[in-house]
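**Q** Residue strings, one per chain:
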Amino acid sequence: MRKTFINTLIDLARKDKDIVLITPDMGFSVLEPFFEEFPERSINCGIAEQNAISLAAGLALAGKKPYVYTIIPFLVERAFEQVRLDVAYMNTNVKLIGIGAGFTYGTAGATHHAIEDISLMRTLPNMTVCCPGDNNEAEQIVRQSIENKGPMYIRIGRHNRGIFDNNKIEIGKASIIQEGKDIAVISTSNMLPDAAGYCKKLEAEGRNPYLISMHTVKPIDKTVIEKLVNDGVEIHTLEEHSIIGGLGSAVAEVIAESGKGVKFKRIGIPDTFSHYIGSQKYIKEQFGLYFGEEY
Amino acid sequence: MKNSTLREIRKTIVKMVHKAKVSHVGAAMSVVDILYTLYFDVANINKDNITSPDRDIIILSKGHSSAALYSVLYHKGLLSKEYIENYSIDGGSLPCHIDKEKSPFFEVSSGSLGHGPSLGTGFALAKKMDKNSGRVFVICGDGECNEGSVWEALMFASTHKLDNFVFIIDYNKFQGFGATNEVIDQTNIAQRVQSFGFDTLVIDGNDLNELKTALTHKSDKPVAIIADTTKGKGVSFMENKLEWHYKSPNDEQLEIALAELEEKY
Ligand SMILES: Cc1ncc(C[n+]2csc(CCOP(=O)(O)OP(=O)(O)O)c2C)c(N)n1
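Taken in sequence, the protein lines are chains Z and X. FYI, the numbering used here numbers position 199 of the first sequence as 199, with every residue one higher than the one before it. FYI, the numbering used here numbers position 147 of the second sequence as 1147, with every residue one higher than the one before it.
It is possible that some hints are incorrect.
Taking lysine-lysine and the DSSO-like style, the derived pairs with C-alpha atoms no more than 30 Å apart in a straight line are [as the list claims (entries may be wrong)]:
1) X/K1128 x X/K1019
2) Z/K181 x Z/K3
3) X/K1081 x X/K1264
4) X/K1173 x Z/K3
5) X/K1173 x Z/K281
6) Z/K3 x X/K1076
7) X/K1131 x X/K1173
8) X/K1047 x X/K1100
9) X/K1128 x X/K1011
10) X/K1247 x X/K1264
11) Z/K173 x Z/K3
12) Z/K201 x Z/K222
13) X/K1102 x Z/K281
14) X/K1002 x Z/K281
15) X/K1218 x Z/K281
16) X/K1100 x X/K1247
17) X/K1221 x X/K1081
18) Z/K218 x Z/K201
19) X/K1212 x X/K1102
20) X/K1241 x X/K1212
21) Z/K281 x X/K1015
22) X/K1131 x X/K1021
23) Z/K3 x X/K1021
24) X/K1076 x Z/K281
25) X/K1128 x X/K1102
26) X/K1212 x Z/K3
27) Z/K3 x X/K1218
28) X/K1212 x Z/K281
Think of the hints as simulated: they come from the structure by calculation, not from any bench. Bear in mind the structure is a predicted one, so any value in this text is a computation, not a measurement.
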């Protein structure tokens, strides 16, 4: 998915001279093609994430279109106040590209796990939050990001488990991959392949599930959720993210305020840090988040 | 300089990253002489005193070089063989970045760069408050010094006269996505640190004698050691190559590396 991001950005940068790529010292074996083609618009600002964000905001205030690329915890959490003020509050046209969604960097340990980012970014006014589930979604979201003026966070995973969503994607609109009847599986980011597996499991139990990719968690597509609630459809949310504040919370808020109730279940990471040692797949299995056949 | 313990420590590092197929072997090989000198020759840390407030404190702030710490602790008898063998594999005991929960010998969790110096000043200040002995050694990468937080800690240490605080830079001149002084120019890093109020020593950071002299240096100021090192030190094809921040050796490369280490150390 990192390759999809950079290839799409290269494409955009050929047409738009204002695009600037900033990295706080990440991107080995991914960003080189951009650095080679646009050396004057490629900046490694050193291992200094706070500086990277405010530098990008300054560039944006001066009319540039900066994309900041690094591992999620260092992008979102390390520089959170810079993101809050210099990006969100001043409503600058900065795109934040976070890599390593969820447990992508499994063996690296909790410092590199990205499991609170959706929650944090969702709470910031002006911030659009996109979490593509496969390379098709990622490509279309990155492509549209340039038209989407203002702060935007794009959560990128690392592993490519195939394409699960062939739809045309629109930021802010849920993508209905499979129509169903009595239950809806709503997934975001890395969980899309698992959501497909989870649907198979439900089908084997005689259920008829919708498969919905909520690639944009903010603004959340209320219309789709409210329709499910009106139709009395049970809803399960899947996210490789803390159970607190992410997709499940966003969907729960819509359900709670609809004035009606449906059966509802959040599937995500409980309120804990992972001290497990192992790959993304292994850690997901420990938390009951792995449903795919192939990884 | 022949040293069979250090040879075995280096061999263990290479075997660990080979088996687990993980990154950062270059970073581990540059810092390992510093860790070896500290744990085997300088610091007052052992099984019996690990909860004593008078013990020395070692913080490996550049947590991605954890394999070096694990290997040193293993050869010192402070980590089990089993831990080393299942390093960074599914269901294992040691992650790629240091998790404090996994051993009493890990003073802090690390892996996000730029936290160690501030944590270290906290330990050093507590020692002062309680009149405890022992020194606090914090090891950072040169790229890590790009982080403003590192300098915030240095300002604090000199202002508060933390003469029990030792700040060590593993100056190997490479970082994550380029050569350190090309990314952010720090060629005069020794002067910078000195100007922040540190008694600053510049040494060959892969030389055990120079390391011992510097690490035992006492001063009425906080001490900084700019340890001039080689990233990937000891294995010719890893030395000074950015890609060995990421790659792990394949079977053939492992054999060559082990043979080289056997000969050199
Ligand atoms: C806050 C933070 N930003 C980025 C990273 C990703 N990262 C891990 S190692 C590294 C390069 C470190 O370079 P240096 O400090 O010079 O250490 P070396 O590997 O050369 O010993 C980077 C950017 C990180 N771990 N933490």
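**Q** Hint by hint, note whether the structure agrees.
**A** Each hint tested on the structure:
The suggested pairing of X/K1128 with X/K1019 is violated, with an alpha-carbon distance near 43 Å, which exceeds 30 Å. Of the pairs offered as hints, the one joining Z/K181 and Z/K3 is violated, with about 36 Å between alpha carbons and a cut-off of 30 Å exceeded. With a C-alpha separation of about 25 Å, the suggested pair X/K1081 and X/K1264 falls inside the 30 Å cut-off, and the hint holds. The hinted pair formed by X/K1173 and Z/K3 meets the criterion: a straight-line CA distance of about 28 Å does not exceed 30 Å.
Using a Cα cut-off of 30 Å, the hinted pair X/K1173 and Z/K281 is violated, with the two alpha carbons roughly 35 Å apart. Straight-line distance between C-alpha atoms of Z/K3 and X/K1076 comes to about 43 Å, which puts the hinted pair past the 30 Å bound. Distance hint between X/K1131 and X/K1173 is unfulfilled; the C-alpha atoms sit about 38 Å from each other, more than 30 Å. A C-alpha spacing of about 16 Å is found between X/K1047 and X/K1100, which places the hinted pair at or below 30 Å, so the restraint holds.
For the suggested pair X/K1128 and X/K1011, the alpha carbons sit about 39 Å apart, so the restraint of at most 30 Å is broken. This hinted pair checks out: X/K1247 and X/K1264 have alpha carbons roughly 22 Å apart, not beyond 30 Å. Straight-line distance between C-alpha atoms of Z/K173 and Z/K3 comes to about 24 Å, which keeps the hinted pair within the 30 Å bound. About 27 Å separates the Cα atoms of Z/K201 and Z/K222, which keeps this hinted pair within 30 Å; it holds.
Taking the CA atoms of X/K1102 and Z/K281, the gap is near 21 Å; set against the 30 Å cutoff, the hint holds. Straight-line distance between C-alpha atoms of X/K1002 and Z/K281 comes to about 43 Å, which puts the hinted pair past the 30 Å bound. As the CA atoms of X/K1218 and Z/K281 are separated by approximately 49 Å, the hinted pair breaks the 30 Å bound. Taken as a hint, the X/K1100 and X/K1247 pair is honoured in the structure, with Cα atoms around 26 Å apart against an allowance of 30 Å.
Of the supplied pair hints, the one linking X/K1221 and X/K1081 is violated, its CA atoms being roughly 40 Å apart against a limit of 30 Å. The straight-line distance between the Cα atoms of Z/K218 and Z/K201 is roughly 29 Å, inside the 30 Å bound, and the hint therefore holds. This hinted pair checks out: X/K1212 and X/K1102 have alpha carbons roughly 29 Å apart, not beyond 30 Å. Restraint check for X/K1241 and X/K1212: the C-alpha separation of about 27 Å stays at or below 30 Å, so the hint holds.
Of the pairs offered as hints, the one joining Z/K281 and X/K1015 holds, with about 24 Å between alpha carbons and a cut-off of 30 Å not exceeded. Restraint check: the Cα-Cα separation between X/K1131 and X/K1021 comes to about 45 Å, which exceeds 30 Å; the hinted pair is violated. A hinted pair counts as satisfied when its Cα atoms are at most 30 Å apart, and Z/K3 with X/K1021 qualifies at roughly 21 Å. Taken as a hint, the X/K1076 and Z/K281 pair is broken in the structure, with Cα atoms around 34 Å apart against an allowance of 30 Å.
Using a Cα cut-off of 30 Å, the hinted pair X/K1128 and X/K1102 holds, with the two alpha carbons roughly 28 Å apart. Pair hint X/K1212 plus Z/K3 does not hold up; C-alpha atoms about 46 Å apart against a cutoff of 30 Å. For the hint linking Z/K3 to X/K1218, the alpha-carbon distance of about 51 Å lies beyond 30 Å, and the restraint is violated. Among the hinted pairs, X/K1212 with Z/K281 is inconsistent with the structure: their alpha-carbon atoms are about 44 Å apart, more than 30 Å.
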